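Let chain A serve as the given structure and place chain B on it in line with the hints.
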Amino acid sequence: MGRKRYDDPSQVRGPGRKSRKQKDPAPLPGTEEKKPRNPRRLRKQLKKKAMVEAMKEEARQAQLEAKAQKQKQKKQQQEVADEFDADMDTAAHEADFFGDSDAEEVPAMPKSKHFSDENRSWLKPKDAPSDIEEESDDAAGEQEESDEEADDDDMENGAGDAGDFFANSDDENDFGDMLEDDDEEGEDEDEDEDDDMGGSDVEVMGLDDFERQAEEIDAQEAEDERLAEEEMMTNVDKSDKFALPSLDEIESMNNITEDLMVIQMRIKENMNTLQDFKTMRDPARSRSEYTTLLKKDLCTYYGYNECMMQRLMDLFPLNELVDALEANEVRRPVTIRTNTLRTRQRDLMQALSNRGVSLDSVGNWSKVGLVVFESNVPIGATPEYLCGHYIIQSASSFLPVMALAPQPNERVLDMAAAPGGKTTYIAALMKNTGVLFANDANKARIKSLAANISRLGVTNTVVCNYDGRSFPTVIGGFDRILLDAPCSGSGVISKDASAKNTKDETDFRRCSTLQKELILAAIDSVDANSKTGGYIVYSTCSIMVDENEEVVNYALRKRNVKLVDTGLTFGRPGFKSYRGKHFPDTMQLTRRFYPHVHNMDGFFVAKLKKLSNKIPSKTDDDKAKQEEQSKKQGKKQGKQGKKEEQGKKGKKEQQKARKQDTANGMDTAEDDVKSAPTKKGGKKNKHGQNQQQQKQHQQQKQPKKQQKNTQQQEEAKATEKKQQQQQQQQPKKQKQQPKQQQRQKKTQASAAKPSATTAPKTNAVKQEKAKTTETAAPASAKATAKTTSAKAKAKTAKTQQKSSKSEEATATGNSSASSAAPAAAEAKASVAKVAAKTNKGKATGAKATLMKKMLKTSSGKARRDLVLKKLREMRKKAAQ
Amino acid sequence: MRPLTEDETTVFFEKLARYIGPNIRLLLDRPDGPYCFRLHKDRVYYVSEAIMRLATNCARDNLMGLGTCFGRFNRSRKFRMHVTALPYLSAYAVYKVWVKPAAEQSFLYGNHVLKNGLARMTENTPQYQGVVVYNMNDLPLGFGATAKSTQECRTMDPTGIVVFRQADVGEYLRDEDILS
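In the order they appear, the protein sequences are chains A and B. Residue numbering for the first sequence follows this note's numbering, starting at 123 and increasing by one per position. Residue numbering for the second sequence follows this note's numbering, starting at 3 and increasing by one per position.
I should point out that these hints are in silico values taken from the structure, not numbers from a laboratory. Since the structure is predicted, the reported quantities are computational estimates derived from the model, not experimental observations. Just so you know, not all the hints are guaranteed correct.
As the list claims (entries may be wrong) - Just the calculated beta-carbon pair ranges, DEER-fashion:
1. Ala503/A <-> Glu51/B: 32 to 40 Å
2. Ser616/A <-> Ala93/B: 39 to 47 Å
3. Gly689/A <-> Thr12/B: 46 to 54 Å
4. Asp177/B <-> Ser497/A: 19 to 27 Å
5. Gly689/A <-> Ala52/B: 26 to 34 Å
6. Ala104/B <-> Phe692/A: 42 to 50 Å
7. Glu448/A <-> Ala52/B: 45 to 53 Å
Just so it is clear, CB atoms sit at the ideal spot from N, CA and C, and this is done for glycine as well.
Only chain A is shown next, with the shape it has when bound in the complex (with noise of 0.2 Å):
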């Protein structure tokens, strides 16, 4: 290494005037930032260090400074001499020789950067190990042998080096110093070593040194970050299975903020486990326990509430539910409407090229949508903005107008129109012809729905501000209607994370039962007889099926409207069934759009055509179905056209009918079931009546599908329902029981299922409770097992009463287990269910309104704690 200098003496120079200028060593960052890899040790060198240094310092700064002053002599001499030579040529040399001595002197800067004599003590002697020292080391013992171990490379490699060094260097102090120490000995290699060489090959062996400190601090760097990871690991889970933490683990979660490293990873675990669950489990620990876990490490690592995050979970399957996840996380990209009424798409795409926006069309699907890849200016503020050639609206906004396809010249009702992309559509579509109510219900979002307007030339509109459930009173016969219902906007959490954690269930249920009275004063308002049209599209931008579905499945039930198909190409078919509720066929016809599938707002389109403008009644229900029925068939009866002209022309008739329905909307989750015959029969039915039904209803459906004809469908629910009276006559608590134990089983299979699309058939009575029971899941192995041992009692059905009070009481203790309110509040509600079905008199009655006292009036984990003592007592006496 530094040895070729000496094969030249000549070219000796001395340190002195490079580190004359320089400042004291500025700590270099990767080895101060490092971690010591034993603190102690390293603490007592560098104070060895420093005090050897300071000594030396002092020497070597008394020499340097008579050299420096002999030097600048010299120069001045020399300079002088310059001036005065009569053979100076020309200005310029002068200059060059002015810059030379300058750029002598300058790059001493950079240089000193990597080296010098005052920052040497950085330069460890990493290349000298030499006999003596590993004597040393082996002297200094184990310790020290083991902190070097990780070292040992470079020292091997640099051994060969440093042995020449050694050989030719001047050496009794040198040897002294090796004896000391270790390091204390390289600094001094170096010092002589700078003492007599030039500076440029020092700075060569400073770099290498420096790049080799480097990779070892960063090879060292990465060996903690395995080890940390490692320990991690063993940390959570010893074998490559994931151990599930018990109940005081999950308990103390609560209490810790975790890191989010570690909720990560055992989200990754548990997902795993439970989508190999027989292989993978814990055999003692129910699936419950497991999605339990998951839910809540869901929850925090992606800031959602227990309560969407459930919903979540129920809609998508495990491998679906994280990309769901993610992609809500995510923006979708801008895009973009070209307003037909002003310009045409290639024009709009030009002029916005020229100002500098990339931007491609949205797909083949879409003439109007483009997407904007980036700009260099506001897209908002754009002159062709201002002059209303396009508006920024979203992708799954088009959908929406697209199935409603209106025609030129007929009269269009927007329900919920603010801000008015959907609006502006219609009219462009309606080519400015027709009119077009826009209605909206916020006074103040009516200033951006009449700006976007007037902004992109609508000119076909009337503004008005009603609550689009009165608008059936204002004004009807529409040929098409567009109802884009308010919603919790669970679809469009990407742009609003609001949603992720205001949500609870009364919201959910608050928005659909408003959903249900938009739909049908929607469909009110259109008049069946169109000759164009006749059609209400229902879309939400939310993901719910009970904003969605089950609103679709209401209207069906209360009107006289059919789905038909939407006309859109993409997006996957609603649910056929979703958590035990069963929709018609039709409802295949709608559409859903995901975020993560589909890269747009999470949507709902569902079209409906509207068959007759007669309101059925809650009374003659059954007669307006047969009547719809003959009408399909082609069959028109005396009678029955008489009712339609009724129909048509009572409009006080059909007021009264909607008031009603208004009304009946306010209480949807009893009316849903009172008006479903098909529910009433599950509700009523034993487990193997259920499977009848099943079989009948699957006889209805393929007559339906062929013949359109839903006159079978009607004969079977009239079947149904004698079934039905039948089966109320039997004694109410034979039934009971096994109705408890089919609860318990679909509990337990929809926890195993929380897809759901092969769940069995249950009434919407019964799901909300599987919902409660499964939601206050995180349930000790003890409540399980004594649930199981109570079921099995329940089989023998010997101890019937006895067994169904147990049962009780585990479910309302896991269900006041969980910790969420939401859950809480459900639980109430199940309590209160489960003690007005069992109706075993005082006893379960007084039961139930001392926890629900409990539930009310305590709070938080002290209510808990009560209300699970409570519940112990409660057992061991039911035990007894």
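Below, chain B without anything else, positioned relative to chain A:
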């Protein structure tokens, strides 16, 4: 919602005639059915009669607008044109002014048109005449009144005002509340 009174009609038509002159007739006699002006909450709306009749179903408080709003009467019963009338003004405008691309942005931010931003204008435009302002792609950007006649404009100082701005499409962003 009601038809304009005699006084209102004169005030309104006088104002409108400043921009489109005798072309007002074309607004009323249209091939696609009769159109009318209606006053609703001090605003004048231009709307087809068929739509107007349907809009009568809405109560006064709930009706927020129909057809195209041309402007509004202020409290002193003077009429003020809104930028929402621009499509009709630009379609029937008699006198026009074009601005250079460089001055386009300035105009959209609510500034007057200066001489150095003026690309071209209709010959023989008198002073204080209502004009519609276009950009070089013939997009209507707004309207205003000329500060100088065409002749005077030729010789004037480059920083002098040529057109006083009265409305521009930038108002859709700036004054959304006022427009409706």
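Results of checking the hints against the structure:
no. : hint                              : verdict
1   : Ala503/A <-> Glu51/B: 32 to 40 Å  : holds, 37 Å
2   : Ser616/A <-> Ala93/B: 39 to 47 Å  : holds, 41 Å
3   : Gly689/A <-> Thr12/B: 46 to 54 Å  : holds, 52 Å
4   : Asp177/B <-> Ser497/A: 19 to 27 Å : holds, 25 Å
5   : Gly689/A <-> Ala52/B: 26 to 34 Å  : holds, 28 Å
6   : Ala104/B <-> Phe692/A: 42 to 50 Å : holds, 45 Å
7   : Glu448/A <-> Ala52/B: 45 to 53 Å  : holds, 51 Å
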